[in-house]
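Here are the chains, one letter per residue:
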Amino acid sequence: MINEQFDNILSKSKVWGWVLEPDAKRIMHTAGLAVPRFLYAETAQEACDFAHTIGYPVVAKIVSPGVMHKSDVHGVEVGIDTDEQLTNTFDRFSTIEQFHGILVEEMIHGIELIIGATIDYQFGPMILMGMGGTGVEIYGDVSLRMAPLVEDDVTSMVQGLKGRPLLEGYRGADSINFGELTRLLMCFSDLVMKLEVSIDSIDLNPVFCTSDGCTVADARIILK
Amino acid sequence: MNLNPLFKPKTMAVIGVSLRNDLHPANVIFNKNNNRYPIQTYAINPKGGLLHDETVYGRISEIPEKIDLAVIATRAELVPDIVTDCIKAGVGGAAVISGGFSEVGRHDLQDRLVSIARDADFPFIGPNCLGVYVPAYMDTFFLPIERMVFPPAGNVAFVSQSGGILVDQMIKFKEEGVGLAKAVSIGNKALIREIDFLAYLADDPQTKVIVFYIEGFGEDEGRNFVQAARTCPKPIIVLKSGKTPAGGKAVSSHTASLAGDYESFFAALSQHGIVIAHNELELVAFCEALSSYQKPIGTNIGIVTGSGGHGALAVDACYYNSLTVPSLHSDLQEEIRDNLSPSSRDIASTGNPIDLTGSGTDDDFVLTVRLLSMKDDVDCIMVLLLPYLPGISTDLGARLSAVYKQYGTPIIAYVPHVEKYQMLIEGFELNGVPVSQSIEGTVFMAKALRRISR
Chain U
43 MINEQFDNIL SKSKVWGWVL EPDAKRIMHT AGLAVPRFLY AETAQEACDF AHTIGYPVVA
103 KIVSPGVMHK SDVHGVEVGI DTDEQLTNTF DRFSTIEQFH GILVEEMIHG IELIIGATID
163 YQFGPMILMG MGGTGVEIYG DVSLRMAPLV EDDVTSMVQG LKGRPLLEGY RGADSINFGE
223 LTRLLMCFSD LVMKLEVSID SIDLNPVFCT SDGCTVADAR IILK
Chain L
21 MNLNPLFKPK TMAVIGVSLR NDLHPANVIF NKNNNRYPIQ TYAINPKGGL LHDETVYGRI
81 SEIPEKIDLA VIATRAELVP DIVTDCIKAG VGGAAVISGG FSEVGRHDLQ DRLVSIARDA
141 DFPFIGPNCL GVYVPAYMDT FFLPIERMVF PPAGNVAFVS QSGGILVDQM IKFKEEGVGL
201 AKAVSIGNKA LIREIDFLAY LADDPQTKVI VFYIEGFGED EGRNFVQAAR TCPKPIIVLK
261 SGKTPAGGKA VSSHTASLAG DYESFFAALS QHGIVIAHNE LELVAFCEAL SSYQKPIGTN
321 IGIVTGSGGH GALAVDACYY NSLTVPSLHS DLQEEIRDNL SPSSRDIAST GNPIDLTGSG
381 TDDDFVLTVR LLSMKDDVDC IMVLLLPYLP GISTDLGARL SAVYKQYGTP IIAYVPHVEK
441 YQMLIEGFEL NGVPVSQSIE GTVFMAKALR RISR
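These protein sequences, in sequence, are chains U and L. Per our numbering, the very first residue in the first sequence carries number 43; after that it's consecutive. Per our numbering, the very first residue in the second sequence carries number 21; after that it's consecutive.
You may find that some hints are simply not true.
[What the hints assert, rightly or not] When the alpha-carbon atoms are kept at most 30 Å apart in a straight line, the in silico DSBU-like pairs for lysine-lysine are as follows:
(1) LYS30/L - LYS263/L
(2) LYS112/U - LYS204/U
(3) LYS204/U - LYS260/L
(4) LYS260/L - LYS266/U
(5) LYS315/L - LYS28/L
(6) LYS192/L - LYS28/L
(7) LYS204/U - LYS54/U
(8) LYS28/L - LYS204/U
(9) LYS266/U - LYS263/L
(10) LYS315/L - LYS254/L
(11) LYS194/L - LYS108/L
(12) LYS263/L - LYS204/U
(13) LYS260/L - LYS192/L
(14) LYS108/L - LYS192/L
(15) LYS112/U - LYS266/U
[To be verified] Ranges of calculated distance between the beta carbons of each label pair, as one might list FRET restraints:
(16) ASP91/U - ARG250/L: 49 to 57 Å
(17) LEU409/L - SER253/U: 53 to 61 Å
(18) GLN247/L - GLY121/U: 54 to 62 Å
(19) ARG250/L - ASP232/U: 18 to 26 Å
(20) ASP351/L - MET149/U: 39 to 47 Å
(21) LYS266/U - ARG95/L: 38 to 46 Å
(22) LYS315/L - MET149/U: 50 to 58 Å
[Unchecked claim] These stretches of chain U come out as covered by chain L in the derived footprint (C-beta under 8 Å, 3 or more residues):
(23) 115 to 124
(24) 149 to 162
(25) 175 to 183
(26) 215 to 223
These are calculated hints, taken from the structure and not from any lab test. In this text, a Cβ means the ideal position worked out from N, Cα and C, and glycines have one as well.
Just chain L, with the same shape it has in the complex:
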């Protein structure tokens, strides 16, 4: 099935607009696309008429142009006939926003819809979903535009079984500066499912990281999904809900008791190189790290800090996340110390963590990170920056990013996220180096990079 009409439509028809209620989902979708996005958008209601001076067409066949995407937000019972109309009119695909299908027990209605679409090779998302958001291009979410929080455009594609989780994660992406390529809420995933989106996004040039929020797979579907994931060259992250063990469920064998649904899910995905986020903090950190660095790394972490306490907490967090903080070769330690500024040379610790102390300067950080990047002692460098120290300036983000660009050893930074330090943060992020607002977050980022290669 060709999914391009779902993500790259040139024309869109929004079916089910109300002539009286502008908060109707179809109206919200029509208005935002018509007013804000470069897609030619048409409104449809069988009564016809005008909506904000725009023509409302009675049916899709009346629109004088070929429609790539139909966004359907009518009562559920009407949807199968509307999809039939769309197919006859040569529409490329649909997002069925309407609820009222299998999620409320109307499996018959959903099955009818699927069979109509499948017979005609007609792709549709949903039903019972928000549909698609592509930055600066399209937005079928029925949420008024002024209420939404938009992350920057970037390279992460997010496929979510839950619309609410998706919209919420967009807020988190914005807070953490994670760039989004595409977001799609797939609802009941009646026809197009995770594995179809995986195949599409694997070939999508804008997407470098693919993220899924999954509640569950159908029979053997998980097996097909992980086998497809194994051949996908892009990092794949999955957040799964429903981790609670089936406590009390009578099982007759030890194996059945130990290998419950979630254990099998976790094992099968990890085995095939998929990164599993255990919670949304990990999810956002993983997305940010993998959107910068797609190449898997080893487990050795170098920590450069302006505070001993930050370094110690980072070591602890590395330990709990199966990362190692190896001590550095003595000649490397000596070289680092020899090059430090006089203010920190005698009081710095050059083991690992490398504590440049509150007297550390921009130059101290840059040369230390450069020396670490040139050697093989570590696979990834965490820089814990305290912007309130007198020797640290807002230029440091851009300067350290340049070190990464020169040597290619991934750098992950910690900077407290407040407005005051934004220029330092952007110095990193706009140059492709991820920044977390917590020490634990930096460690999660490093953990994402050491995913097993497939």
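Just chain U, same shape as in the assembly:
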């Protein structure tokens, strides 16, 4: 059943070479990873209705098979507080190439991590975890392990990060929930082992971590 859902999404996405964010999040959710409440909306009205359901403020993101890196085309709007702002954002996004719709979701906060996977030619599935956000490639503060992970791997991955004090509660802040982080990475590792033959790489970035848990705010699956 689960595998069938994965197969349907993967075969539908093949034409684009990657899985659009709403579908990628469905896969993550099915695999046991927490994602924000979200709706894929094709009209501004649908978007506003959903925003009322979950309550403002919300985040809106472009959904387009031509836009893999949304920030590059200003395709992410955070902190939207009103129907008017949301409608304006919808209109602006609809001018971006290959516009399909928008993704509306609740605002999430926390420390930004990146969790990712690649299929290495020599070593097969590899799992990456580190300090996330748009500057991830500049700072390069990440740990890498061969999958499948065991729980000790997660501990040593955290220890390998320069940013570890930020996760453990820097200057009076709360520590993130390492139990949830471990659970998320173990579920993700299982998922990657399942999808190995179909995927090239996966970015979950950012994953917002707090003392309560870890939520996958963006997901990108690149297919082989």
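Keeping the supplied structure of chain U fixed, place chain L upon it in accordance with the hints.
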């Protein structure tokens, strides 16, 4: 596949000797084994005849004895038929020295060779390699014997994709006193690959440390290699070339960009307890340290020195290599000071580093190292020795080694490597305590010991 014929042959045939050119690779190999090593060696050339009064056989089947190892150094096109002959004659295995296979685009020829050998379960090394060197036993390198530098016999086995790197590291081993059990250059590694040698060397009683120089693995081969390494009880060291990031290569995800070939290589090997040498200085230091001490240790280093500057540099190098130099318990410091000779007692520093100063004597070093060895404050002791100090004698190496033997806390020494101090150095090395010629080298040695246990 049985690799014993490659490393322990009793008989060897060198195929492709020249009757006119004694610098031909086959002649060099034949001559050195025939003249110097205890293996019965035969020369082969289809023309037959005599080479230095030794019979040259026309083909392998004419040799009156069963041949364990064929060393093949002919033109590449002839090799598949020669291997077929060897198989028919019941030869145990081959080292194919000849180049001219996939490294020059002749994948067809290499594939043919592999398929012939695989069908017959016939092990061969290479092609395009130097083959095997075992100290005082065999040497298939086509390098004239007087040009080579031979390290002492020891317990390190070295498997190298590059013959040049291997021969060069043998020179470095000699300089640093690292003992070699076996060296094998695997060239194109067409049939027998790193993972096969790993399995063989894991069971080889002469080998305690296994070293690889690797340029790259095939698809998923790295995964199989690290999984095999995890179950190997012996320390494994890998030097990898090709560390440059794929700069500019278009990748669509952050993860693919951050987890390049080398990053994945490094991560997967470290995760499975393999020690990665980043350069040849680390490689030699790691080999020397692990050939003495195979048991993983913690990160706490004690430093005993005759000079404050040496101690300070060592602390810096420890810091940069993720080793800690903890301060010692005050009662241990007191005990050390109470036992020092009057000349150094009042001027020594007993924190960590323990600086016995230029007035330190042999006895001061021995008792300090003994006291450190008896306590749990440190996992490894670095002794920075300046043999020109008046209170230090050439006996100190052997005396400190005896402390190691008694208490089991690893000792690593720094002594400048010049002829004059050789007896001090040998006092350590011949008693199983590694000595580096640089402070940084001693720190690299300690770093190798703290490899994660599998």
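A quick look at each hint next to the structure:
1. LYS30/L - LYS263/L: Violated, at about 41 Å.
2. LYS112/U - LYS204/U: 28 Å, holds
3. LYS204/U - LYS260/L: 25 Å, holds
4. LYS260/L - LYS266/U: Holds - the C-alpha atoms of LYS266/U and LYS260/L are around 28 Å apart, at most 30 Å.
5. LYS315/L - LYS28/L: 29 Å, holds
6. LYS192/L - LYS28/L: The given pair, whose Cα atoms are some 25 Å apart, holds under the 30 Å limit.
7. LYS204/U - LYS54/U: 40 Å, violated
8. LYS28/L - LYS204/U: With Cα atoms ~50 Å apart, LYS28/L and LYS204/U exceed 30 Å; violated.
9. LYS266/U - LYS263/L: 25 Å, holds
10. LYS315/L - LYS254/L: 9 Å, holds
11. LYS194/L - LYS108/L: Not satisfied, since the Cα-Cα distance of roughly 41 Å exceeds 30 Å.
12. LYS263/L - LYS204/U: 22 Å, holds
13. LYS260/L - LYS192/L: 17 Å, holds
14. LYS108/L - LYS192/L: Violated - the C-alpha atoms of LYS192/L and LYS108/L are around 41 Å apart, more than 30 Å.
15. LYS112/U - LYS266/U: 21 Å, holds
16. ASP91/U - ARG250/L: 49 to 57 Å: Between ASP91/U and ARG250/L, where Cβ atoms are some 54 Å apart, the hint holds.
17. LEU409/L - SER253/U: 53 to 61 Å: 58 Å, holds
18. GLN247/L - GLY121/U: 54 to 62 Å: Distance hint for GLN247/L, GLY121/U is violated at roughly 48 Å.
19. ARG250/L - ASP232/U: 18 to 26 Å: 20 Å, holds
20. ASP351/L - MET149/U: 39 to 47 Å: 58 Å, violated
21. LYS266/U - ARG95/L: 38 to 46 Å: Between LYS266/U and ARG95/L, where Cβ atoms are some 42 Å apart, the hint holds.
22. LYS315/L - MET149/U: 50 to 58 Å: Once the Cβ atoms are compared, 53 Å apart, the range 50 to 58 Å for MET149/U and LYS315/L holds.
23. 115 to 124: violated (count 0)
24. 149 to 162: Holds: 5 residues of the segment 149 to 162 of chain U have a Cβ under 8 Å from chain L.
25. 175 to 183: holds (count 3)
26. 215 to 223: violated (count 0)
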